[in-house]
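Participant: Here's the letter readout for the chains.
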Amino acid sequence: MSNRNLSITTPLDIGRDPRLLNARLKRQDSTEPILTKQARPGEMLIRAFLLFCGLLSVFTTIGIVVVLGSESLLFFNSGVATLTEFFTATRWQPQAGEFGIMPLLSATITTSIVAMFVALPLGLGAAIYLGEYARPNVRATLKPILEILAGIPTVVYGYFALTFMTPLLRGMFGQDTVQIYNNAAAGLVMGVMILPTIASMSEDALSAVPRSLREASYGLGATRFETITKVVLPAALSGIIAAFLLGVSRAVGETMIVALAAGAGPCVLGDTCFNPFAAGETMTGHIARISGGDLSYNSVDYNSLFSIGLTLFVFTLLLNLISRSVSKRFREVYQ
Amino acid sequence: MTTNRAYAVELKDVNIYYGEKLAVKDVNLSIAHQKITAFIGPSGCGKSTVLRSINRMNDLIPGAKVEGDVVYRSQSLYGRDIDAVEVRRRIGMVFQKPNPFPKSIYDNVAYGPRLLGIRDRKVLNEIVERSLKHSFLWDEVKGDLKKSGLALSGGQQQRLCIARTIAVEPDVILMDEPCSALDPIATQAIEDLMKELVKQYTIVIVTHNMQQAQRVSDYTAFYSIRKEVETEGKEKRWGVLVEYAPTETLFNQPSHEETERYIRGEFG
Ligand SMILES: Nc1ncnc2c1ncn2[C@@H]1O[C@H](COP(=O)(O)OP(=O)(O)O)[C@@H](O)[C@H]1O
Ligand SMILES: [Mg+2]
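Keeping their order, the protein sequence lines are chains A and B.
Everything in the first sequence is counted per our numbering, starting at 256 for the first residue and increasing by one.
Everything in the second sequence is counted per our numbering, starting at 3 for the first residue and increasing by one.
Because the hints were derived from the structure by calculation, they are not lab data.
All figures in this text were calculated on a predicted structure; none of them were measured in a lab.
Just so you know, even glycine gets a beta-carbon here, dropped at the ideal spot from N, CA and C.
Hints should not be assumed to be uniformly reliable.
Which stretches of chain A does chain B cover? Using the computed rule of at least three CB atoms under 8 Å from a CB of chain B, they are [said to hold, decoys possible]:
no.: 1; region: 462 to 475
no.: 2; region: 483 to 493
Using 25 Å as the maximum straight-line C-alpha spacing, the simulated DSS-like pairs for lysine-lysine come out as follows [unchecked claim]:
no.: 3; chain 1: A; residue 1: Lys-583; chain 2: B; residue 2: Lys-105
no.: 4; chain 1: B; residue 1: Lys-105; chain 2: B; residue 2: Lys-148
no.: 5; chain 1: B; residue 1: Lys-149; chain 2: A; residue 2: Lys-583
no.: 6; chain 1: B; residue 1: Lys-105; chain 2: A; residue 2: Lys-485
no.: 7; chain 1: A; residue 1: Lys-485; chain 2: B; residue 2: Lys-148
Chain A extracted, bound-state conformation (with noise of 0.2 Å):
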């Protein structure tokens, strides 16, 4: 930097640059239009590929709910079962004829709700931590730690509720009681799977609160645990019940923990049904036993999957739904 009192000799040389617009003014005679339109061939390229890109998606949900859609009626059309007969009828049994969607949601309900029970107070516990007490060095370490749990392999998870959390189950509430499938310990680990996207998605919602509401609730004499219940937690509620819902969505679609962990079979509504510590069979793990075996197609078995297929679509559109709107509230809140 030797010359740095150099200074610029001709301030008004300008227009000697033909890429800058005053030696075009120059060149060109008054009469010469200037503002034309022009082609840009590369702007309308980027622009068909990410019309692309959306679209592909468009279109694959698209076909997804018109299989989903046109085989299950294919199966309600074939008379094994009814729509009321679908809903009310307490066993899922294809081979027996019987077509109860009960039994699978039931499981489906239960693990969702263990699940719910682990991920929602541990997720929202680490976000508080997180966000509003932990030493930024603290933090720096934690957070990686709990994304990493949103890294592992979901087999491996239902490989730990088998060989781990069972055996825990058993042992704390007796072999009896508790079932070598059941589930509680699929829906236990599926809420530990689920507490790192619900801490994190929390966590979003909590530091999106803006710190000058904090300020004037500590300048009002509050305390931190009284600023985190009376105005951040209420601020973001919105924000944490958008998380609570992603996190249903996930345990109501998660499939390999469950099929190694919770049962591998229906329950019968009102035998064993809704017992967590009873095994159990969800619309997912359901799905992935029987497509696993070798079904021939156009069979009622191959049919009736896919009527639990479109069940479980319109319950995880709905909960996303309900997402949906409940964050685009949430957006809405400070201003």
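Since chain A is already given, all that's left is putting chain B with the ligands on it; use the hints.
Facilitator: Positioned in the frame of chain A, the structure of chain B with the ligands alone reads:
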């Protein structure tokens, strides 16, 4: 420890740091009881920093450190056995940007009293009404206390924040540029309000508006910036209190040339 009854808060040899950085140095200042004291000075000279040291708001900033002594009712605010939460209950704060909670007008005002354990609806109603009347907001909102505080205009929001602050009946109210986000009419309303409040409260106000300091304050503290070149291209800057006097004196017969140049608008 000796304290003069006429003073609400006394700052003695106060240095404030953000991490390693010295922000203000050697502030000595006695804030008069039930008077309005204005802090003026160029941007970045540490007015907010000094103000926030008076109710330990700086505690919330990691790395912030206060040296010296801030004395309130013959107690050193930075003493070992002092509870910052208690300090902030006595010494309330109004911020630059109106920051009502996303709650109803009623709940905004009742927030502080509820923290103090007041649950009785009748008592709360009275406090809310009294505070809103005190902050000249009652007539505008009395029919609609359930409305969100955020639905009010900027000036109304700031008066709501003042109502919220006085609802706990603090001793001292700190205001950090409370009118800088407001239009002239709303500013006028806040200034009138301050003149009312000073009958019962000690007020310290940071303002970059010298007319405002002249209009409302009894005492004015002028802060400025000192610089020191450390190495080539790197310089240290910190704030100092240049002059502190009755507002009349400071603006009409300043005893420092720097003050005079500042109030004539020659820098800052
Ligand atoms: N939170 C903070 N962290 C680090 N430095 C800060 C912080 N707040 C203020 N400062 C520094 O302290 C000095 C004084 O700032 P401030 O008190 O805000 O000045 P003023 O209110 O007079 O404009 C400035 O140099 C500013 O950069
Ligand atoms: Mg400031």
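Participant: Work down the list of hints and note, for each, if the structure agrees.
Facilitator: Comparing the hints with the structure gives:
Using a Cβ-Cβ cut-off of 8 Å, 10 residues of the region 462 to 475 of chain A lie near chain B, which meets the minimum of three, so the contact claim holds. Counting residues of the region 483 to 493 of chain A whose beta-carbon sits less than 8 Å from any beta-carbon of chain B gives 4, enough to reach three: the coverage restraint holds. Note on Lys-583(A) and Lys-105(B): the hinted pairing holds, with a Cα-Cα distance of about 18 Å set against a maximum of 25 Å. The straight-line distance between the Cα atoms of Lys-105(B) and Lys-148(B) is roughly 9 Å, inside the 25 Å bound, and the hint therefore holds.
For the hint pairing Lys-149(B) with Lys-583(A), the CA-to-CA distance comes to about 21 Å; that is within 25 Å, so the pair holds. Taking the CA atoms of Lys-105(B) and Lys-485(A), the gap is near 10 Å; set against the 25 Å cutoff, the hint holds. Straight-line distance between C-alpha atoms of Lys-485(A) and Lys-148(B) comes to about 17 Å, which keeps the hinted pair within the 25 Å bound.
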